[in-house]
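Asks: Assemble the complex: chain A is given as a structure, and chain B must be docked to it using the hints.
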Amino acid sequence: MSINLVIFSLLALLMIVSALFAVASSKIMRATTLLLFVLFGTAGLYFMLHYTFLGAVQITVYAGGIVVLLIFVVLLLGKGSVDVTQTSMRRYLAGVVTAMTGMAVTIYLINTTQFAQNTVDPDGVAMRELGMALMGTEKYNYILPFEVMSVLLLACTVGAILIARKK
Amino acid sequence: MTIPAQYMLILSAVLFFVGVFGFFTRRNLVSLLICTELMLNAVDINFAVFNAYCHPEHLEGYIFSLFGIGIAAAETAVAIAIIINVYRNFHSIHIKRLTNLKH
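Keeping their order, the protein sequence lines are chains A and B. Going by my numbering, the letters in the first sequence line up with residues 1 to 167, in that order. Going by my numbering, the letters in the second sequence line up with residues 1 to 103, in that order.
Bear in mind the hints are in silico, worked out from the structure with no lab data behind them. In this text, a Cβ means the ideal position worked out from N, Cα and C, and glycines have one as well. Incorrect hints may have been included.
[As the list claims (entries may be wrong)] Stretch-level coverage of chain A by chain B, calculated; a stretch enters the list once three of its residues show a Cβ under 8 Å from a Cβ in chain B:
| hint | region |
| --- | --- |
| 1 | 3–16 |
| 2 | 53–59 |
| 3 | 98–107 |
| 4 | 134–148 |
[Unchecked claim] Straight-line Cα separation of at most 20 Å, SDA-like style, residue types lysine to any residue; simulated pairs:
| hint | chain 1 | residue 1 | chain 2 | residue 2 |
| --- | --- | --- | --- | --- |
| 5 | B | K96 | B | F23 |
| 6 | A | K27 | B | L32 |
| 7 | A | K166 | B | S92 |
| 8 | A | K27 | A | S88 |
| 9 | B | K96 | A | G78 |
| 10 | A | K27 | B | I84 |
| 11 | A | K27 | B | K96 |
| 12 | A | K166 | B | I82 |
| 13 | A | K27 | B | F24 |
| 14 | B | K96 | A | R90 |
| 15 | B | K96 | A | A94 |
| 16 | A | K27 | B | T36 |
| 17 | B | K96 | A | S88 |
| 18 | B | K96 | B | N85 |
| 19 | A | K139 | B | P56 |
| 20 | A | K27 | B | F23 |
| 21 | A | K166 | A | L69 |
| 22 | A | K166 | B | N89 |
| 23 | B | K96 | A | L77 |
| 24 | A | K166 | B | I84 |
| 25 | A | K166 | A | L75 |
| 26 | A | K139 | B | F67 |
| 27 | A | K27 | B | Y87 |
[As the list claims (entries may be wrong)] A few chain B residues facing chain A, derived, Cβ under 7 Å:
| hint | residue |
| --- | --- |
| 28 | I3 |
| 29 | A13 |
| 30 | F17 |
| 31 | F21 |
| 32 | T25 |
| 33 | I34 |
| 34 | N41 |
| 35 | A48 |
| 36 | A73 |
| 37 | A74 |
| 38 | I83 |
| 39 | N85 |
This is chain A alone, in the form it adopts within the complex (with noise of 0.2 Å):
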């Protein structure tokens, strides 16, 4: 058993373990708590496939920015955000049937399919190379999507400014 696959039974264990607690966990900032442990995971799964950048995004942006957006809502409705009522019976197994189908086929499908190849590349994707192709104006560059998120992210921004303010 190599120590790769080591750390990624970990890691699944860490994640799929916090993840079945935050959403059965009626208290709402203990269900945030073990998002961020999830988000976390991802991260390190983003390191195990050598995507450095896409691990750094995602920590600073997940668990630095989104995570402590609903701690402050939690903490901001104070009582208001406790998740008191029972949730009834036949809701509670339609989720179950609904989880499991899907789980089940998933990972059926993906069992039987057969991929190219079976490995990472251990270099990973080099700044430059992925700089190049965000800011790239060429056929497989991204200038136009990066353009387009900075006036969704300023869009998101006022709206969430005027939705927000007291009348």
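Replies: Chain B alone, transformed into the frame defined by chain A:
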């Protein structure tokens, strides 16, 4: 030795359906937002894994994951603004109370 691509894909499938399960059972706007984040995160893993294993010479999946993370941030900011506004108007973020558009 690297890990097979199937393991990574199965992990992301499990995470995605944990998020789906939470979406069915939780009745609270912040919890639903957390479940959405779980699902979005699983999809981002899929993009990165397919890029790394199937087309390592291109960068489509990598950049799609980057944009996916950015969009998740934008979505969360707007959703939290909406949640704060809902709390201000209804004094609760339980989705049973949000029926004004339904009737």
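Asks: Evaluate each hint against the coordinates.
Replies: Status of the hints after comparison with the structure:
1. A count of 6 residues in the region 3–16 of chain A with a Cβ less than 8 Å from any Cβ of chain B is obtained; the coverage claim is therefore met, three being the minimum.
2. Counting residues of the region 53–59 of chain A whose C-beta sits closer than 8 Å to any C-beta of chain B gives 3, which meets the bar of three, so the coverage hint holds.
3. For the region 98–107 of chain A, the assignment as covered by chain B holds, since 7 residues bring a beta-carbon within under 8 Å of that chain's beta-carbons and 3 suffice.
4. Under a criterion of three residues with beta carbons nearer than 8 Å to beta carbons of chain B, the stated coverage of the region 134–148 of chain A is upheld, 4 such residues being counted.
5. Pair hint K96/B plus F23/B holds up; C-alpha atoms about 14 Å apart against a cutoff of 20 Å.
6. For the hint linking K27/A to L32/B, the alpha-carbon distance of about 13 Å falls within 20 Å, and the restraint holds.
7. For the suggested pair K166/A and S92/B, the alpha carbons sit about 17 Å apart, so the restraint of at most 20 Å is met.
8. Under the criterion of a C-alpha separation no larger than 20 Å, the hint pairing K27/A with S88/A is consistent with the structure, at around 18 Å.
9. Taking the CA atoms of K96/B and G78/A, the gap is about 19 Å. The hint holds against a cut of 20 Å.
10. Proximity of K27/A to I84/B is assessed by CA-CA distance (about 18 Å); at most 20 Å being required, the pair is judged to hold.
11. With a C-alpha separation of about 18 Å, the suggested pairing of K27/A with K96/B holds against the 20 Å cut-off.
12. As the CA atoms of K166/A and I82/B are separated by approximately 12 Å, the hinted pair is consistent with the 20 Å bound.
13. The hinted pair formed by K27/A and F24/B meets the criterion: a straight-line CA distance of about 17 Å does not exceed 20 Å.
14. Straight-line distance between C-alpha atoms of K96/B and R90/A comes to about 16 Å, which keeps the hinted pair within the 20 Å bound.
15. Simply put, K96/B and A94/A have alpha-carbon atoms about 18 Å apart, close enough for the 20 Å limit, and the pair holds.
16. For the hint pairing K27/A with T36/B, the CA-to-CA distance comes to about 17 Å; that is within 20 Å, so the pair holds.
17. Distance check on the hinted pair: K96/B and S88/A sit about 13 Å apart at the alpha-carbon level, within 20 Å; holds.
18. About 16 Å separates the Cα atoms of K96/B and N85/B, which keeps this hinted pair within 20 Å; it holds.
19. Of the supplied pair hints, the one linking K139/A and P56/B holds, its CA atoms being roughly 17 Å apart against a limit of 20 Å.
20. Restraint check for K27/A and F23/B: satisfied, since their Cα atoms lie roughly 16 Å apart, inside the 20 Å limit.
21. Straight-line distance between C-alpha atoms of K166/A and L69/A comes to about 19 Å, which keeps the hinted pair within the 20 Å bound.
22. Taking the CA atoms of K166/A and N89/B, the gap is near 11 Å; set against the 20 Å cutoff, the hint holds.
23. Taking the CA atoms of K96/B and L77/A, the gap is about 17 Å. The hint holds against a cut of 20 Å.
24. At roughly 10 Å between alpha-carbon atoms, K166/A and I84/B fall within 20 Å of each other, so this suggested pair holds.
25. Restraint check: the Cα-Cα separation between K166/A and L75/A comes to about 19 Å, which is no more than 20 Å; the hinted pair holds.
26. Distance hint between K139/A and F67/B is fulfilled; the C-alpha atoms sit about 18 Å from each other, no more than 20 Å.
27. Between K27/A and Y87/B, the direct Cα distance comes to roughly 18 Å. Compliance with the 20 Å bound is thereby established for this hinted pair.
28. The criterion of a C-beta within 7 Å of any C-beta in chain A is met by I3/B, whose closest approach is roughly 5 Å, and the hint holds.
29. With 7 Å as the threshold, the beta carbon of A13/B comes within range of chain A, its nearest partner Cβ sitting at about 4 Å, so the hint holds.
30. Annotation: F17/B was flagged as interfacial toward chain A, and the flag holds, the nearest CB pair being 4 Å apart, inside 7 Å.
31. Nearest Cβ of chain A to the Cβ of F21/B: about 4 Å, under the 7 Å cut. The hint holds.
32. This hint holds: T25/B has a C-beta 5 Å from the nearest C-beta of chain A, less than the 7 Å allowed.
33. Taking 7 Å as the C-beta cut-off, the interface hint given for I34/B holds, the closest approach to chain A being about 5 Å.
34. Look at N41/B: its Cβ gets to within about 6 Å of chain A, closer than 7 Å, so that hint holds up.
35. A least Cβ separation of about 6 Å between A48/B and chain A falls short of the 7 Å threshold, and the interface hint therefore holds.
36. Interface restraint check: A73/B against chain A, minimum CB-CB distance 5 Å, threshold 7 Å, status holds.
37. Because the beta carbon of A74/B sits about 4 Å from the nearest beta carbon in chain A, less than 7 Å, this interface hint is met.
38. A hinted interface residue such as I83/B counts as satisfied when its beta carbon comes closer than 7 Å to some beta carbon of chain A; here the least separation is about 6 Å, so the hint holds.
39. With a cut of 7 Å, the hint placing N85/B at the interface with chain A holds, because the nearest CB-to-CB distance is about 5 Å.
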